[in-house]
Amino acid sequence: MVLHLKSRDFKIILTCFAGVLAASFLSLYLSLPIQVELLVDLFVTVSIMASLYFVYKGATRWGGQVARYSALIALGLTYYGLTLIPHVYWHLSGTPSFLGLNAGAITGFQHTATIIAFLIPAYGFYLFWRSGKK
Amino acid sequence: MNDDNITGRLLGNLEKRDWYLIGAGTVLAIISGIIGQYYTVSMATGVFIDQVSVVPILIGLVFIYLARSEWSGDIARTLELIGIGLAIHMIVFIPHLNWHISGATLTDLPPLMGVPASFWYVFFHGLTLTGFALIGYGFYLLTENI
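Quick mapping for you: the protein sequence lines, in order, are chains A and B. For the first sequence, the numbering used here begins at 18 and goes up steadily by one. For the second sequence, the numbering used here begins at 628 and goes up steadily by one.
Hints listed in this document are in silico derivations from the structure and should not be mistaken for laboratory results. Errors might be hidden in some of the hints.
[Unchecked claim] Derived CB-CB ranges, DEER-like:
no.	chain 1	residue 1	chain 2	residue 2	range
1	A	G111	B	P722	22 to 28 Å
2	A	G117	B	P743	29 to 35 Å
3	B	I658	A	L20	36 to 42 Å
4	A	L20	B	G639	43 to 49 Å
5	A	S110	B	T667	18 to 24 Å
Even for Gly, the Cβ is constructed at its ideal location relative to N, Cα and C.
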């Protein structure tokens, strides 16, 4: 399979993996508590917001259809990114009821919405496939 | 290269049928919530639905694989980066989720494969961060001027 990735991309990926391993060993050495997960999740949310910004900036360069597909992908991931931290925090707080909605309602909605949040990008990739321009 | 009617706004390029799909998805999630409100749903069911979310990621990866050979180098490169990012998230998701619910308490988790929890708190979330950062990098490349 021919990849279009450049050597700079591979270096970035390997550096990320090395960084995660180093940070994990540091956490092990310092016996960090579970709250460190929420800190890392904050960066996940920031990454997803950055994606949204880049799609917005890239739209005028690439034109309507690519902008449309990219927006679909980014929107799905954005829902996941925005709800990730509040939802995890809700679980850690013992899943209290909220505005009259019990734990079953919130879980049902959010977990189903997560599936949808990844199906919409899949639709965006599908559109990329069907409309391929070389 | 640019089509007519392009806009720099994020949502301006979405078409009606895209909104119908987003709306349908939202309705499905609401129905799920209503069922959860009035019928007793076990935690195992909630966990199961969560695990199902790797299926749409996998579907997306298949389409990325098919799409990447249909496009020019720049967009194909972005698609591949997004695919790698999503794949990392997908691979980590189920082991990570199962580990979280394996503990007797929610906030103090047991070792995994003999390694204490502090390692895994950063490892799993760090890999997820890598995944979404690579996706962001892929979208970033679409904004770069040649």
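Results for each hint:
For the pair A:G111 and B:P722, the supplied restraint of 22 to 28 Å holds, since their beta-carbon distance comes to about 24 Å. About 40 Å separates the C-beta atoms of A:G117 and B:P743, a value inconsistent with the hinted range of 29 to 35 Å. Taking 36 to 42 Å as the suggested C-beta distance range, the pair B:I658 and A:L20 conforms, at roughly 41 Å. In this structure the supplied range 43 to 49 Å is violated for A:L20 paired with B:G639, their Cβ-Cβ distance being about 32 Å.
The given range of 18 to 24 Å is respected by A:S110 and B:T667, whose C-beta atoms sit roughly 21 Å from each other.
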